[in-house]
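Protein chains in written order, with the numbering used here: chain A, 1 to 472; chain B, 1 to 472.
Careful: at least some of the hints might be erroneous.
Below, a list of computed lysine to any residue pairs in the SDA-like style, where the Cα atoms sit at most 25 Å apart [to be verified]:
1) A:K188 <-> B:G168
2) A:K135 <-> A:E228
3) B:K459 <-> A:D444
4) A:K459 <-> B:H460
5) A:K188 <-> B:K188
6) B:K188 <-> A:A451
7) B:K188 <-> A:S357
8) A:K135 <-> B:Q245
9) A:K188 <-> B:A451
10) A:K188 <-> B:R450
11) B:K188 <-> A:A418
12) B:K459 <-> A:G442
13) B:K135 <-> A:K135
14) B:K188 <-> A:G442
15) A:K188 <-> B:R411
16) B:K188 <-> A:D444
17) A:K188 <-> B:D454
18) B:K135 <-> A:G254
19) B:K135 <-> A:R166
20) A:K188 <-> B:D444
21) B:K188 <-> A:G254
22) A:K459 <-> B:D444
23) B:K188 <-> A:E228
24) B:K135 <-> A:K459
25) A:K188 <-> B:G442
26) B:K135 <-> A:E249
27) B:K459 <-> A:A318
28) A:K459 <-> B:A455
29) A:K459 <-> B:M419
30) A:K188 <-> B:E414
31) A:K188 <-> B:S357
32) A:K188 <-> B:E443
33) A:K188 <-> B:E172
34) A:K188 <-> B:R439
35) A:K135 <-> B:R166
36) B:K135 <-> A:Q252
37) A:K188 <-> B:A418
38) A:K188 <-> B:M419
39) A:K135 <-> B:S357
40) A:K188 <-> B:K135
Just so you know, these hints were derived from the structure itself, not from any lab.
2 protein chains.
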Amino acid sequence: MNHPTPQAALARRPLPPAVVQALQARFGERFSTSAGVREHHGRDESPFPPALPDAVVFAHSTDEVAAVARLCHDHDVPLIPYGVGSSLEGHLLAVAGGISLDLSQMNRVVALQAEDLTVTVQPGVTRKQLNQEIKDSGLFFPIDPGADASLGGMCATRASGTNAVRYGTMRENVLALTVVTADGRVIKTGTHARKSSAGYDLTRLFIGSEGTLGILTEITVRLYPQPEAISAAVCAFPSMRSAVQAVIETIQLGVPVARVEFVDPLAIRAINRHDKLALPELPHLFFEFHGSEAGVREQAETVQQIAADHGGQGFEWATRPEDRSRLWNARHHAYFAMLQLKPGCRAVTTDVCVPISRLADCVGETERDLRASSLPCPIVGHVGDGNFHVVILVDPALPREMEEAEALNRRIVERALAMGGTCTGEHGVGLHKMDFLVREHGEDALDLMRAIKDALDPKHILNPGKIFRASR
Amino acid sequence: MNHPTPQAALARRPLPPAVVQALQARFGERFSTSAGVREHHGRDESPFPPALPDAVVFAHSTDEVAAVARLCHDHDVPLIPYGVGSSLEGHLLAVAGGISLDLSQMNRVVALQAEDLTVTVQPGVTRKQLNQEIKDSGLFFPIDPGADASLGGMCATRASGTNAVRYGTMRENVLALTVVTADGRVIKTGTHARKSSAGYDLTRLFIGSEGTLGILTEITVRLYPQPEAISAAVCAFPSMRSAVQAVIETIQLGVPVARVEFVDPLAIRAINRHDKLALPELPHLFFEFHGSEAGVREQAETVQQIAADHGGQGFEWATRPEDRSRLWNARHHAYFAMLQLKPGCRAVTTDVCVPISRLADCVGETERDLRASSLPCPIVGHVGDGNFHVVILVDPALPREMEEAEALNRRIVERALAMGGTCTGEHGVGLHKMDFLVREHGEDALDLMRAIKDALDPKHILNPGKIFRASR
Chain A
1 MNHPTPQAAL ARRPLPPAVV QALQARFGER FSTSAGVREH HGRDESPFPP
51 ALPDAVVFAH STDEVAAVAR LCHDHDVPLI PYGVGSSLEG HLLAVAGGIS
101 LDLSQMNRVV ALQAEDLTVT VQPGVTRKQL NQEIKDSGLF FPIDPGADAS
151 LGGMCATRAS GTNAVRYGTM RENVLALTVV TADGRVIKTG THARKSSAGY
201 DLTRLFIGSE GTLGILTEIT VRLYPQPEAI SAAVCAFPSM RSAVQAVIET
251 IQLGVPVARV EFVDPLAIRA INRHDKLALP ELPHLFFEFH GSEAGVREQA
301 ETVQQIAADH GGQGFEWATR PEDRSRLWNA RHHAYFAMLQ LKPGCRAVTT
351 DVCVPISRLA DCVGETERDL RASSLPCPIV GHVGDGNFHV VILVDPALPR
401 EMEEAEALNR RIVERALAMG GTCTGEHGVG LHKMDFLVRE HGEDALDLMR
451 AIKDALDPKH ILNPGKIFRA SR
Chain B
1 MNHPTPQAAL ARRPLPPAVV QALQARFGER FSTSAGVREH HGRDESPFPP
51 ALPDAVVFAH STDEVAAVAR LCHDHDVPLI PYGVGSSLEG HLLAVAGGIS
101 LDLSQMNRVV ALQAEDLTVT VQPGVTRKQL NQEIKDSGLF FPIDPGADAS
151 LGGMCATRAS GTNAVRYGTM RENVLALTVV TADGRVIKTG THARKSSAGY
201 DLTRLFIGSE GTLGILTEIT VRLYPQPEAI SAAVCAFPSM RSAVQAVIET
251 IQLGVPVARV EFVDPLAIRA INRHDKLALP ELPHLFFEFH GSEAGVREQA
301 ETVQQIAADH GGQGFEWATR PEDRSRLWNA RHHAYFAMLQ LKPGCRAVTT
351 DVCVPISRLA DCVGETERDL RASSLPCPIV GHVGDGNFHV VILVDPALPR
401 EMEEAEALNR RIVERALAMG GTCTGEHGVG LHKMDFLVRE HGEDALDLMR
451 AIKDALDPKH ILNPGKIFRA SR
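Between the sequences and the hints, there should be enough to build the whole structure, so can you do that?
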């Protein structure tokens with residue numbers, strides 16, 4: 001592991017009785033110190049052992065969040081915003097104890113501004129819930145991390161997913177936020193206008209801050225018209241390299257693909273088993289095209305030609321919704337399908353992102369590492385963005401497997417950084433990538449981040465121990 | 001005016017002799033205290049009277065910039081980064097004296113990464129120069145403010161222009177920066193990967209910070225494939241409202257227009273005179289479509305139908321490059337064409353941006369204000385973004401005209417803020433919109449901006465007196 005055991009990292013002290021009394025009085029049954037509730041809030045999807053908060057509060061409003069923040073601020077109590085618990089790098093672990101502030105019941109779509117192609121939601125709204133609630137508007141929200149994450153959590157980790165190549169990430173798609181500051185003030189960042197040059201970009205500062213700078217209580221995001229036509233395609237390639245080269249050409253030609261995903265042979269085997277498909281166990285690309293009827297046909301034909309130029313075989317279109325769904329559901333289930341390759345396992349998931357010109361080299365050298373590993377390591381990738389995940393299947397009870405997984409991850413990250421890339425394309429830093437962040441940005445840039453943290457949360461009560469250490 | 005006379009705003013003190021000696025020794029003829037050079041660097045395109053720096057330094061490298069920053073930091077000397085001087089809100093005025101750091105000679109394209117669709121440039125590279133230098137690559141950089149601004153300046157003001165509806169603004173298109181901090185350290189933000197979740201978004205923090213947080217010395221931006229086909233169209237409408245409604249429908253349908261610009265009858269008159277065109281003096285929309293041959297035809301046909309539904313007349317396509325250029329050159333010259341409506345005038349340019357659903361109301365109510373004004377006030381707008389400019393033509397020597405212009409601007413901004421918009425869509429705050437910024441965000445949000453300023457530039461040497469006052 002490239003970090004100290006999380007639980008040992010920071011000193012803990014018991015909750016002050018005044019805090020317990022004040023929270024009990026205000027929140028009643030929505031304040032809990034039960035072991036089960038704390039256990040549930042002291043973990044995420046990472047393989048880390050849990051680190052429990054001292055108590056959990058379920059908030060229903062911005063005012064309640066502000067009251068909790070003021071109380072924690074006055075008493076120096078750590079405060080960790082919690083959505084649905086789907087983060088992957090230990091973001092939610094209460095390494096210094098304190099309060100886990102569960103926002104999952106703040107799950108109302110506040111206002112749909114259909115003419116403006118925007119919607120304002122509370123942070124506990126999940127991406128699937130949002131799309132369900134707005135589907136009659138003719139609009140949709142494209143950002144789709146693997147899990148059915150909350151929008152608050154997706155802001156916190158600067159999430160993306162399979163549609164980012166066309167629609168961008170949370171960075172590009174959040175217009176405005178309501179934020180509760182560390183000392184319990186309520187501010188609004190941004191406006192409902194599509195663009196602005198009005199002062200520092202506070203919105204973007206909170207996006208990706210992993211709950212360490214403020215607590216988001218309302219979020220306004222961009223929506224997009226549901227495409228008139230959608231078609232999907234799948235194509236097998238003789239090698240990973242030829243598949244990646246086809247993607248580079250597609251993007252250089254300006255074909256506005258909505259999705260293009262790489263799936264390696266081992267991941268194909270997992271998908272075949274899990275979804276009862278019979279794809280050849282070869283490197284594959286999955287495509288989706290959005291546009292007019294004529295537009296998606298033209299895109300698919302262009303991509304088919306490019307694929308053929310690179311040895312792509314069996315390019316198969318799916319325009320019927322049920323065929324498309326079958327294909328893309330298989331892709332979306334890939335994580336769970338892969339977990340079934342090794343019964344009882346958990347996953348250490350790498351998340352590097354490199355300039356697309358280096359993607360074939362990066363994946364190719366990574367494949368060589370993986371062949372030497374004793375662990376099953378399927379690869380899936382958002383290749384249009386240069387982002388790929390090696391899903392390293394481990395038994396977390398076996399230190400040898402955890403060490404091997406961490407060693408692989410370290411090699412992959414070091415390679416990506418050497419190629420001008422980043423240690424995390426979409427999962428965030430959490431507890432797990434703090435050392436890599438230093439390698440990526442350097443201590444001087446980290447000092448700027450620390451200075452911002454000190455300025456906005458001088459007592460370091462917000463999600464302490466995450467992203468970077470408090471000093472060099 | 002809604003702010004104190006800039007020159008009176010802050011105390012000035014002479015340059016310390018040690019600073020003069022050190023700069024003379026290092027920079028020789030690239031250090032100047034001549035009246036002409038200082039005069040040139042103490043103004044921008046705003047109608048403010050100039051406020052001269054005490055000296056100007058022409059930098060050639062990141063190391064030189066860092067050396068100047070360290071010197072200014074050690075001696076508490078104001079330091080103002082300067083590109084080509086095309087800002088519009090007094091950004092460059094040396095209201096507290098100090099050094100104007102001219103970066104225009106740092107104008108090298110450092111590296112084109114064609115496969116990655118990115119390019120790294122020095123801050124003095126202008127947008128036209130960049131597109132000229134990369135044109136054989138098949139790629140282009142879409143962001144086009146009216147002036148041939150430097151990329152450093154475009155980062156500083158979070159610039160956009162006519163292509164933002166399709167390609168976004170500087171906010172969406174900068175991947176990485178080299179930044180010299182207030183105390184002369186050199187940091188890198190971001191990477192060459194298309195997306196990242198690695199820590200606080202320092203890149204976005206510097207974009208739009210108007211030279212108050214750091215000095216940009218290298219900039220990596222995204223490029224786009226030159227479209228296979230481009231077509232343009234122009235269409236007259238019976239009213240501004242019908243034109244705007246056509247734009248809303250176009251965007252809601254998901255037609256990926258590259259540009260859609262509103263031009264009001266008075267601006268059409270100016271353009272007709274300046275560019276020898278004969279467009280009817282009616283509200284117009286100018287369109288540009290990028291895509292495949294079939295794609296641009298389909299887009300134009302869809303938009304033609306939408307325009308017809310809203311009373312659009314004389315929808316005229318231009319697919320030949322010379323016809324397109326004639327049309328869009330006219331639009332790009334509009335600012336100068338409008339200045340010629342009133343010989344010897346200067347312009348006070350408003351820059352509000354509202355949610356597109358409110359655009360027709362906002363422009364409509366603004367038109368009523370303008371009819372009551374004694375000043376010529378043509379309107380042009382990036383309507384796909386909800387951003388429009390009233391170009392108020394004034395004689396800056398006549399206080400009555402300046403006051404009337406400021407009163408108009410104030411009414412327009414207040415209206416936009418009430419509609420959920422922003423006081424500045426793309427020009428920035430500078431000296432001119434500091435009070436509006438408070439109205440837009442509130443003092444609590446401004447306190448966060450002040451805290452960030454204090455953290456990154458504790459001595460307040462970087463472009464002092466801009467964006468917000470140092471305290472409430």
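Hint-by-hint comparison with the structure:
1. A:K188 <-> B:G168: 23 Å, holds
2. A:K135 <-> A:E228: 14 Å, holds
3. B:K459 <-> A:D444: Roughly 18 Å separates the two Cα atoms, so the pair holds.
4. A:K459 <-> B:H460: Holds: K459 (chain A) and H460 (chain B) sit about 24 Å apart, inside 25 Å.
5. A:K188 <-> B:K188: 29 Å, violated
6. B:K188 <-> A:A451: The given pair, whose Cα atoms are some 16 Å apart, holds under the 25 Å limit.
7. B:K188 <-> A:S357: Given that 25 Å is the threshold and the Cα spacing comes to 21 Å, the pair holds.
8. A:K135 <-> B:Q245: Status holds; Cα separation ~23 Å.
9. A:K188 <-> B:A451: Roughly 16 Å between the alpha carbons, so the hint for K188 (chain A) and A451 (chain B) holds.
10. A:K188 <-> B:R450: Holds, at about 15 Å.
11. B:K188 <-> A:A418: 15 Å, holds
12. B:K459 <-> A:G442: Judged against 25 Å, a Cα distance of about 24 Å means the pair holds.
13. B:K135 <-> A:K135: Violated: K135 (chain B) and K135 (chain A) sit about 42 Å apart, past 25 Å.
14. B:K188 <-> A:G442: Holds, at roughly 8 Å.
15. A:K188 <-> B:R411: 23 Å, holds
16. B:K188 <-> A:D444: Cα-Cα ~9 Å, so holds.
17. A:K188 <-> B:D454: Holds, at about 21 Å.
18. B:K135 <-> A:G254: 16 Å, holds
19. B:K135 <-> A:R166: Holds, because 24 Å separates the two Cα atoms, which is no more than 25 Å.
20. A:K188 <-> B:D444: OK: K188 (chain A) and D444 (chain B) at ~9 Å, within 25 Å.
21. B:K188 <-> A:G254: 29 Å, violated
22. A:K459 <-> B:D444: 18 Å, holds
23. B:K188 <-> A:E228: Given pair K188 (chain B), E228 (chain A) is violated - Cα atoms ~42 Å apart, limit 25 Å.
24. B:K135 <-> A:K459: Judged against 25 Å, a Cα distance of about 52 Å means the pair is violated.
25. A:K188 <-> B:G442: 8 Å, holds
26. B:K135 <-> A:E249: Holds, at roughly 18 Å.
27. B:K459 <-> A:A318: The given pair, whose Cα atoms are some 61 Å apart, is violated under the 25 Å limit.
28. A:K459 <-> B:A455: 15 Å, holds
29. A:K459 <-> B:M419: Answer violated: K459 (chain A) to M419 (chain B) is near 37 Å, above 25 Å.
30. A:K188 <-> B:E414: 17 Å, holds
31. A:K188 <-> B:S357: 21 Å, holds
32. A:K188 <-> B:E443: 11 Å, holds
33. A:K188 <-> B:E172: 21 Å, holds
34. A:K188 <-> B:R439: 12 Å, holds
35. A:K135 <-> B:R166: 24 Å, holds
36. B:K135 <-> A:Q252: 14 Å, holds
37. A:K188 <-> B:A418: This hinted pair holds, its Cα atoms lying about 15 Å apart.
38. A:K188 <-> B:M419: Satisfied, since the Cα-Cα distance of roughly 15 Å is no more than 25 Å.
39. A:K135 <-> B:S357: 20 Å, holds
40. A:K188 <-> B:K135: Not satisfied, since the Cα-Cα distance of roughly 42 Å exceeds 25 Å.
Hints 5, 13, 21, 23, 24, 27, 29, 40, counting from the list given before, are not met by this structure.
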